[in-house]
Amino acid sequence: MLSSRFFHPRDKNDSTSTLLIIDQLKPNRIDWVYYENDLVLQEYKRRNLKYSLTLNPQIPDSAGYTTSKYRIIDYKGIEYVAPWMKSWKNKNLFWGCVNNPLFADLFFERSNFLSTKKPYALFVDDPLFNVRLKKEGIVGCFCKHCIAKYDQLYPDRTVDIDSIIRIIEKKANKKNILSANDSIILKHYEHFQEESVILFFEQWMSCVRENYPRMIFLTNNYNGEWNKIYQKFDGGIAELEAKKVNDSILHKLYSTADSLHKSQLFTIPSKDASLHVKLIEYNIKHQRETLLPWDIFIPNHPTRYFMPLNKLIQSVSSYPSKIK
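Be aware that the sequence shown starts at 4, since it is given in my numbering, and climbs by one per residue.
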């Protein structure tokens, strides 16, 4: 399959072509597509290509911008921006909060719009939402909607929001050691944030399937992880660290997805062509689907990776007609 996030060429300086790759390699479908216009989708339909359309936490709410009233607010009162996006110059960098009804309505409305474009699946890029902040040690969102919901769910708790924030500030100073009770308090708030994200996706999927009962839900599950949030989805497309591109780890990752009855694709955020070829060879040997190494995101790099067409053709020339 192909994952051309945006249709190429994007401008007069872009020498790549999505349609050229499609016509030369004839993928079965195209995933992780950001909707641009109906003309692009018509080209995919004309080629009998199924496609999945994408949503993310940065859906703009005001003329292409992401405004504070829809967004995750950290313990310092600042709108949340993912660490890999902080150097970007986009207008829509702030992540939406799953407990904010304004954002929920925006996300659901966008889903309904994309569903009318007849994708076989909806893809959620960065599905952790509020839980993503845990990975950076800042626990979760402290917008007024999260605080109100937390107060409502746990009215008898002995620790207030201000105390939780003080513990986070204490934790931010690496010289401090948190007490066991402090750690329990933070874990409780992290659990609340995780349950909020899970409930958000359950309600969203139920809403979509009321009108589109056959809709598939996909997400990016980094390194092939299947946590509680990812498990709400039918399949994953994972960016895989280079060190994990070996037979034993790939077998374990694919086996985990199989045991959960999930589809799984991998992409490698690297310009090392040999790594991509190694993954393709593994997939051919074990009759697994391959995401073509074309239009690949490279962290902290201004350009994406496009494997040359001749090398792509050579790499997939022996692909079996039937795959898992």
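Keep in mind that the hints are not guaranteed to be accurate.
In silico DSS-like cross-links for lysine-lysine, where the CA-CA straight-line distance does not exceed 27 Å [to be verified]: (1) K246 x K288; (2) K246 x K79; (3) K29 x K274; (4) K72 x K178; (5) K48 x K138; (6) K137 x K48; (7) K138 x K246; (8) K247 x K231.
Pairwise CB distance ranges, derived in the manner of DEER restraints [what the hints assert, rightly or not]: (9) Q317 x E172: 54 to 64 Å; (10) N184 x A276: 29 to 39 Å; (11) E139 x P104: 36 to 46 Å.
It is worth saying that the hints were derived from the structure and are not from the lab.
C-beta: ideal position from N, C-alpha, C; glycine also.
Consistency of the hints with the structure:
| no. | hint | in the structure |
| --- | --- | --- |
| 1 | K246 x K288 | holds (20 Å) |
| 2 | K246 x K79 | violated (36 Å) |
| 3 | K29 x K274 | holds (23 Å) |
| 4 | K72 x K178 | violated (34 Å) |
| 5 | K48 x K138 | violated (40 Å) |
| 6 | K137 x K48 | violated (41 Å) |
| 7 | K138 x K246 | holds (21 Å) |
| 8 | K247 x K231 | holds (22 Å) |
| 9 | Q317 x E172: 54 to 64 Å | holds (56 Å) |
| 10 | N184 x A276: 29 to 39 Å | violated (52 Å) |
| 11 | E139 x P104: 36 to 46 Å | violated (25 Å) |
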